[in-house]
Amino acid sequence: MEIEVQNISYKYPGSKAYAIEDFSHHFKNRVTLLKGFSGCGKSTFLRLIASLITPNSGRVTPHTRFKYGTNQYLRSHIGFVFQQLNLLPLASLERNIEIASKLSGYDPSEVSKWIKILGLEPFSKKSPKNLSGGQQQRAAIARAMVKKPAIILLDEPTSGLDDQNTTIIVNALKREITKDSICLIATHDSRLDNIADEILDFNTFLPVEEHLQALD
Amino acid sequence: MKSLILIPFYLWKNTFRRWIENFSSPACKICIPFLLSTLSILVLVFYAELENHLQERLKQSAAYHVKVSENVRALDAPLIAELINSEEQLWTQDQSKGSIELFWQLYITAKRKHSSKPISVIVYNRSFGELSKYDTETLSPTIWFLTNNSKQTPSKVEITIGDNSLYARTSDIPSAIKNHLNSDTVIALPYGLGKTLMRNGFLTQISANFRNIEDTSSFVESIEAFHFAERRKITVFSSLGLLQELANIEKIQQHIRIGITVMSGIILSITLGCISWLEFRQESYLLALLRSFGTPRLTLFFHAFLEISILVGIGIYGAFQSWPFIFHAIRNKLVDFPLSELGTLSINSADTFTIVIAGVIGVILAMVPVAFGLRKPAGLILQ
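Just so you know, the protein sequences line up as chains A and B, in that order.
According to this note's numbering, the first sequence is numbered sequentially starting from 1.
According to this note's numbering, the second sequence is numbered sequentially starting from 217.
Extracted from the complex, chain B is given alone in its bound form (with noise of 0.2 Å):
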């Protein structure tokens, strides 16, 4: 055997021997991170699945849903009502962050023949696609009579608006409409034949449907400047006030998240640290003899830092791999908590990066002591 193998092996041999000898060494070099790095991992991964239940519950609770109304006067009212297309246009073009959905509720009311109920009327464009088709009998925009019982209802039903009798489509009410008017029964024009009637004034709603913060508040943010700039008074309803606030904790979140991270990197630097030089102290006999056989200081300093970056990695590798049986048992005992399924859950490459670094860290700051002790000269520690 060369010298290079021979003084590792021995190296190793002695390594192998101290552990055996004092087993709460290299174990407590592996629990530590082991414990420190599956802590870190349950708090990132029950902070995910906390922030995942709270994005559906946000998502099933309309959060992320805008409703704007403006009050157009009859005196802008026939300017607006042309402008109509463009400003549709301009709201819907981009449909890939949510669902954006006009209408035009009017300031007189339809009535069902025979009955002297009125019944609100707004006008529909083209964003309404589940109500833009055309009648089959009269191959023009249909009118609709949309109500919530629509099975009780003939498919047909007479309507009157001022002196104008017309035939409207039965259908069931779009949600969108449902949520802005709170009524059961709605007359919806298309806009072409809408459009006379809007003069009298109207109120514009708009209803959007986002799914993040970011598309939801760069949607008020711009609608609200658009009518600034118009001179235009609108009402915005939304929760971006509250979704703003929860994005704030987020935030806060994530420093205490990165905050534990750091502090499982330092506990296990100086824990690590606390060892080595108690070990380097029993050591430094054995590596002081070495050295005065003329073995170079990285050698010795290189096997130290393999000893520890071996214990540190299996307590690492072992709490990526272990936490999931954790997450698992703790899932059953939490019934209330409806956690997600294990399938479903990962740590994100970021996360797992600095759990890495952290470990890395506490192995660098824990070879501090022994690069320190190398230094020492060796005839100073053999008699």
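Chain A on its own, in the form it takes in the complex (with noise of 0.2 Å):
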């Protein structure tokens, strides 16, 4: 599996400056992490993968089989883990996974599947509302990797979460994530580095003057 990522420049609605200017990778490992500063792009990067925003010039070219910015794209091959989560506030935590499952056309088996490798049990037939920081984050997880996607994009999956869970969602990772798949971390959290096949420092991406007002 790889993605193809060429001269990509990328700024948001009522913004002059770029979030992501002439910024070109190919993405051919197994699991990337993505490290900078806050602020440096990592989040929009990856919603440009997700194909969730477009970019304003370049090219992203993953080798899949439906085209990218389409909704067979979406529903079949991204599994994304925002950084607020976005769990469905109504809908069961097993709900939630399911949901996300039967979109792709999966398998009902691999919600209990992924309920059990995340240790949700207990906690599947509960709303969000009622689960913990972690429990969420988990929750959020299966319900990325529920569908096998062929890209899994994890935006700040363990921030201020503790070692027992941080260890629950590395082990899963590192068990479920295949040589047909590419993971890309977005994160602040070295804890994760032990997976990455590769590390990509967004800094070295920034405009001069946005580097030294990170740096700031």
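None of these hints come from the bench; they were simulated from the model.
Fair warning: there could be bad hints in the mix.
[As the list claims (entries may be wrong)] With beta-carbon atoms standing in for the labels, derived distance ranges:
| id | chain 1 | residue 1 | chain 2 | residue 2 | range |
| --- | --- | --- | --- | --- | --- |
| 1 | A | R59 | B | W228 | 58 to 66 Å |
| 2 | A | H63 | B | Q498 | 36 to 44 Å |
| 3 | B | I573 | A | H63 | 36 to 44 Å |
| 4 | B | I573 | A | A17 | 45 to 53 Å |
| 5 | B | V478 | A | H63 | 54 to 62 Å |
| 6 | B | I482 | A | R59 | 22 to 30 Å |
| 7 | B | Q599 | A | H63 | 22 to 30 Å |
| 8 | A | S15 | B | Q498 | 19 to 27 Å |
| 9 | A | K179 | B | A243 | 51 to 59 Å |
| 10 | B | N238 | A | K129 | 31 to 39 Å |
[Claimed, not checked] Computed cross-link-like contacts, DMTMM-like style, restricted to lysine to aspartate or glutamate with a CA-CA straight-line distance of at most 20 Å:
| id | chain 1 | residue 1 | chain 2 | residue 2 |
| --- | --- | --- | --- | --- |
| 11 | B | K372 | B | D388 |
| 12 | B | K333 | B | D400 |
| 13 | B | K327 | B | E237 |
| 14 | A | K116 | A | D22 |
| 15 | B | K411 | B | E237 |
| 16 | B | K229 | A | E94 |
| 17 | A | K129 | B | E499 |
| 18 | A | K129 | A | D107 |
| 19 | A | K129 | B | D400 |
[Claimed, not checked] If you want the ones that stay clear, here's a sample from chain A, every Cβ over 12 Å from chain B, calculated:
| id | residue |
| --- | --- |
| 20 | N7 |
| 21 | R75 |
| 22 | R95 |
| 23 | S132 |
| 24 | G134 |
| 25 | R143 |
| 26 | D155 |
Computed from a predicted structure; not experimentally measured.
Where a beta carbon is used, it is the ideal one built from N, C-alpha and C, also for glycine.
The task is to assemble the complex, starting from two chains supplied on their own in separate frames and drawing on the hints.
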């Protein structure tokens, strides 16, 4: 599995500065960590890969069955864990995972499998508001992983988590991310370094002025 | 459950929860179309009711009655008297639009035996069905002694016209003749007998009654055009001018009626559009999240469309079901204005269609902010 990123630039509507400017990279390793200061464009980059926003210029070419930017691409190939998790508030934890699974047409047994892997069985019938931060984080990861996506995008998946929760997540990722998939993790957390095949420092892609501002 | 069921199921669950938590939102979406539709329906019904009353009063006040008089001088009288059959047939051949009766008043008078009081003499022909009967004794067209007091008068009366003494059958004066002559006694001669007396000049009287303004107007135009072409002068008495003014007012009222319905539609659209926009801002997070799972925009748009259509539909349906009760309540209050019974009232299909169309336009316009919102990339909403 590979993703070709060629000279992409993106600036948010109403903003004068580019969040990402002329970035190119060829992703071919299993797990890549994106590191850098806050605001250096890591989360924006993940959204661009997921096609939740589209680059102003340049091209993202994932080697996937469905074309970049289509609903099928999002449904079948992308597993995204947002920084704010974004669990469906009215659905139970199990139903949250099930919706994602069903949308991509996967076997319902995968749902129970991921609930087990991430140790969520005791809370599977609870709604997200009744779960702790760590439990919600694991539920969001289960929702992203359940459809066996080719591209797994994790935005700060372990921020604020204790070591126990982090270990559960790290072990699950180590075991389940196969050679057929690519995992991009935007993180500051060095506890994830040992699962990385590649670490990209996004600070080096910042324009000099913004780099200095970030250092300040 | 398949994803196509699961996503709508979740959306509806979310919708119902929103309705319960924020009850004013669905209540507004039902109440506004309900109130505006009810208002439009009642305006339309009262307008139709007013029109019916007006039509009825016009009929009762003989507004569709036309009187035509032509003074035929002795010089022209012999020729015109000969043409009476064809002229009568010309005006009375189509009786489907109303009743048209002609008679001719002579410039001579008759007297009853042993009385010096002059009595008007008229000539009748086939258009007077009630007079065109054969006398059973003489087996010839009947000479009539028409009076208001037929019950106190012998059935056969001896009269004199000039030097001739004749017997006439007694009967009531037909209303058409009474309206024209304003006399309590008239002698009516059949055309065959009265034709020779018409040579000294006569007054043609046409009495026509129609059911609507179009037929009245058409008759007046025809008869005026005919006599103008013949270079003959007639006098027409009708309420056509007044009727035409009423018709103009009716047209203006129709525009106002359409205006009220259109305004209702616009108010509905703006209000629903505003509510939808505010709600969409609340819902945009959820919709963006579902889009990030690959849910097609069309599914989300269709859900929003269905949601608002159901609420507006309930409002409009409620208005169509409840207006009779409101009308009934108003009818009981308005004792001075006699309104029709409910069973006789209905809304015509064109008006129903206009109200439904106004509702549909309201729903479509309410979808505009949703459509704009769905265009916004999910990545700009989700953090």
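Outcome of the hint check:
no., hint, in the structure
1, A:R59 / B:W228: 58 to 66 Å, "violated (39 Å)"
2, A:H63 / B:Q498: 36 to 44 Å, "holds (39 Å)"
3, B:I573 / A:H63: 36 to 44 Å, "violated (52 Å)"
4, B:I573 / A:A17: 45 to 53 Å, "holds (50 Å)"
5, B:V478 / A:H63: 54 to 62 Å, "holds (57 Å)"
6, B:I482 / A:R59: 22 to 30 Å, "violated (47 Å)"
7, B:Q599 / A:H63: 22 to 30 Å, "holds (29 Å)"
8, A:S15 / B:Q498: 19 to 27 Å, "holds (25 Å)"
9, A:K179 / B:A243: 51 to 59 Å, "holds (57 Å)"
10, B:N238 / A:K129: 31 to 39 Å, "violated (18 Å)"
11, B:K372 / B:D388, "holds (13 Å)"
12, B:K333 / B:D400, "holds (12 Å)"
13, B:K327 / B:E237, "violated (95 Å)"
14, A:K116 / A:D22, "violated (42 Å)"
15, B:K411 / B:E237, "violated (92 Å)"
16, B:K229 / A:E94, "holds (16 Å)"
17, A:K129 / B:E499, "holds (18 Å)"
18, A:K129 / A:D107, "violated (27 Å)"
19, A:K129 / B:D400, "violated (98 Å)"
20, N7, "holds (20 Å)"
21, R75, "violated (3 Å)"
22, R95, "violated (8 Å)"
23, S132, "holds (20 Å)"
24, G134, "holds (19 Å)"
25, R143, "violated (9 Å)"
26, D155, "violated (9 Å)"
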